[in-house]
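Asks: For reference, the chains in residue letters:
There are 2 protein chains.
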Amino acid sequence: MTTIKPLSDLTIAQQAEMLPVKQIAEKLGLQEDDLDLYGKYKAKLSFDVIDRMATREDGKLILVTAINPTPAGEGKSTVTVGLGQALNQLDKQAIVCLREPSLGPTMGLKGGAAGGGFSQVLPMEDINLHFTGDMHAITSAHNTISAILDNHLHQGNDLGIDVRKIVWKRVLDLNDRALRHVTIGLGGSAHGVPREDGFDITVASEIMAILCLADSLTDLEARIKRIVVAYDRDNEPITAEQIGAAGAATLLLKEAFKPNLVQTLEQTPALVHGGPFANIAHGCNSLIATKTALKLGEYVVTEAGFGADLGAEKFCHIKSRIGKLNPDAVVLVATVRALKMHGGVAKDQLHVENVGAVGNGLKLLAKHVETMGKLGLPTVVALNRFNSDTAEELAAVLDWCEANHIRVALSEVWSNGGQGGRALAEAVIDTIESNESAFTPLYALTDSIEQKILTIAREVYGAADVTFTATAKKQMAQIEANGWQHLPICMAKTPFSLSDDPTKLGYQHGFTVTVRELKPSVGAGFLVALTGNVLTMPGLPKQPAALNMGIDETGKAIGLF
Amino acid sequence: MTTIKPLSDLTIAQQAEMLPVKQIAEKLGLQEDDLDLYGKYKAKLSFDVIDRMATREDGKLILVTAINPTPAGEGKSTVTVGLGQALNQLDKQAIVCLREPSLGPTMGLKGGAAGGGFSQVLPMEDINLHFTGDMHAITSAHNTISAILDNHLHQGNDLGIDVRKIVWKRVLDLNDRALRHVTIGLGGSAHGVPREDGFDITVASEIMAILCLADSLTDLEARIKRIVVAYDRDNEPITAEQIGAAGAATLLLKEAFKPNLVQTLEQTPALVHGGPFANIAHGCNSLIATKTALKLGEYVVTEAGFGADLGAEKFCHIKSRIGKLNPDAVVLVATVRALKMHGGVAKDQLHVENVGAVGNGLKLLAKHVETMGKLGLPTVVALNRFNSDTAEELAAVLDWCEANHIRVALSEVWSNGGQGGRALAEAVIDTIESNESAFTPLYALTDSIEQKILTIAREVYGAADVTFTATAKKQMAQIEANGWQHLPICMAKTPFSLSDDPTKLGYQHGFTVTVRELKPSVGAGFLVALTGNVLTMPGLPKQPAALNMGIDETGKAIGLF
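Listed in order, the protein sequences are those of chains A and B.
Oh and the first sequence: position 114 is 131 in this note's numbering, straight run, nothing missing.
Oh and the second sequence: position 173 is 190 in this note's numbering, straight run, nothing missing.
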């Protein structure tokens, strides 16, 4: 058993020795002129680099996903970082591609995070606070569209917008429940048109999804133009282009659209860029970062939000399809804790050894391995070790995988960094070298909306059927009337269960999924199918992490864990 | 007459040749390690530099102010930049200190601006868009306090905050009138406590004023702790410290607090940092930037918002007092256009020659020169030339100044850059070398609130008396009861008139100023005296500048004028 190192993530991060980001860029064959530096340890890659590399051959793309998680998460980002570090130790040119963290959760429950333990990206404090300003640029661009929209109403509403049918809310990068439902435009006729509104957290903005799916600045602007902000009195969609807001929003995003280069604790290059919600959006880092990394590295390790039923499915059907990506392998993260939870153990008993419960949970793991197979993706299970795991519990998983001819490796990247991920890295390399990916989407874009959702529910979740509420059916008809039915589906479902019921843990089969609402994100380019309530503006807990934050006398951050 | 160059500010800015900011820093004796680069042409100065320079002797401090302006402004920032460039041409180590522009007005009426013509700071696009993220950090820090406050209410309101007496609004860096008056916390008990609220523009945030008046990170945190966010049911003040928000807010500001180094069109170093409102706040760039510039340069040229009755008065009584600054000279900007307007010409006739009206306006100029004399400040009038000015009009001003023994110089910095400011620079150098500044504040902090306001109104505005509304009297009593009466006064008055009536142009005397409200900004450290309605959230005009903005096919900004 590896030594337990009870250091906080922030302490490990602050003790780490970073290379100047210029040297990280040199490892990738880039010059200082290719970078816009943001301090010594962060940089944005210029569009010149991206253009210059266009004809290079792509590296191998490794997607890290997971089984349905516990609320605390299974360490998917940590495995992503650790695997990148391990590949680097094996003399492979590896690049890690992660999502940017959001300030809201940092101030709320999480403190900061960008990986954990000895598998983190750095500089941890900066990445968790303002980083290179991408979130703020998205907030500005989003709210500029809002201000122009409300100004249009105030100045006479030439487009005949129905104030009851405005679908473009405002955003802030905060956890602030009091802003979920608001009324604005109060105080008299000098102060706008009164109406209901609400604020989402910035990562839930369609602008974030767009930034993560656009493959050029031109494409970014085209997508912003297509955003539907409202409907008029005849129920016709009104776009960001029609209110004249697309140009200004694009201008505000022109720097944010450039991928951010940083490094891991072991000085492996990392592109940390974009971070859309994994429910009402697709939950992956930016396409432009992934595509750039594929030009610069032999192996690109990236991740997608939540478990494989949501993140990997959307990575395949939304991001990969829009970006013409071809994933070469999947790393499916499982933990003894999550397997025990899915095997029937209560959350407060997960630290107690229970080999039987681990065994009960394996059927869920088998289902996700099977799904990856249907998608044509060679798969390695990464059993991500936690300090509370016992040797017998770990063996139960490893033995079961071997018995079922599932490639598996133990990951000890949290406690041991890249060294703890070498077995996993070797398994991944071997899998890629011996198995050609046969990636195939499970549905065609030309399928009907209903058929697309049915395919995902049956093939990925194991459902028997899908029902649509009357509201969803009405919305489906409207989407078809507007000609948006060719877009891929973005499922918004609980991550905790294969089904749409968060209390149904473990392997589920033959259930019915209920689609309650369908919301078009025409700019991002997908149709959101909501199977339950999704909170797009989190709240702060009773004791927010923010209350413990501050700076010490030397100006260093405290309280970011 | 100099050639008219009808190029837009953006065109001039985009054609300019910039030095890498590292080389600008070298001119100031700084190393690359002293900088946090933000791209190639922007940098933040590390606190190490600031500490290291602490024992150096200060350079000379030149404050650029103006007579009461026309709505279009008299080119105060342009003169500030041009004078810095001219001093540099005369082989003086000069540094320009300006305020950061706000996104709201950029998207509204103004397009972008940071000086104009051939006296601008660069990179103009970046400075006008997100720059180094300071505005966004202030927005985040401010709204984090708001979110923690509303969470406190939601989680049980242990401090007994009276929801009707919350004085901490939210902010966004936008012109968005529909957010002036809102209700929040709607939608049921899971979504916060319903109450009235509103959004100000970020530059109106008390956090902005604090960032601009703090002299260290420790002082920044101490001031944030003292912010009064609400009153409890017994009318006792509740501070940001009491709700536990001060540490997180400080952490969010730790990079924003570092001064930003850029350059002018002629590669003169410029610190562009902070930009508080000039009505409900003090309207000057950050104290830390000014103090750092004084250590790095022989001459520091800076400006204060609005005319001398507001900007220069507050520069002397708030910023200089808190920062122990000693201004060495004042440059008082006047224009033929403004003098004509104050001499009785209608705004749409300002382009027509009218030497008599210019003469009528000079009494206002004389009043401001007299006020600077009362403050003990050697003064040079800068007659800032516009294309529509005629030789006779210009001569009327220059001759009058000479006849009255007022030092004066023609400024042609807009059309000619530093070359057009050399006469002004020579006059300023000569004035500083031949006149020791005898700077003395006009009131003592120990004076009563009433006495302080009376002194400003009489000595600076030329009023006979001040009356206080019943509301203001009640607020004064509360301020005294809370022990805040020792703070300096921040007057919020129309900039267009010496009096508190914006329609009374030209020289005014013997009027009565009415103080309608008194609002303590305990964190910033001043008491705001409101003499009229101040709009702290602007609206967008019928045709916002934003509608013409965008990027061209190479990714370059268009529509920022």
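No lab work stands behind these hints, which were simulated from the structure alone.
None of these values were measured; they are calculated from a predicted model.
A few of these clues could be false.
A pair holds if it fits inside one copy or across any two, identical chains being indistinguishable in the list.
[Stated by the list, open to error] With a Cα cut of at most 16 Å, we get these calculated EDC-like pairs of lysine to aspartate or glutamate:
# : residue 1 : residue 2
1 : Lys39     : Glu49
2 : Lys536    : Glu253
3 : Lys573    : Asp65
4 : Lys559    : Asp175
5 : Lys109    : Glu450
6 : Lys39     : Asp50
Asks: Against each hint, give a clear statement of whether it holds in the structure.
Replies: Verification of the supplied hints:
no.	hint	result
1	Lys39 with Glu49	both (6 Å within a copy, 13 Å between copies)
2	Lys536 with Glu253	within (15 Å within a copy, 48 Å between copies)
3	Lys573 with Asp65	between (35 Å within a copy, 13 Å between copies)
4	Lys559 with Asp175	between (46 Å within a copy, 12 Å between copies)
5	Lys109 with Glu450	within (13 Å within a copy, 66 Å between copies)
6	Lys39 with Asp50	both (10 Å within a copy, 14 Å between copies)
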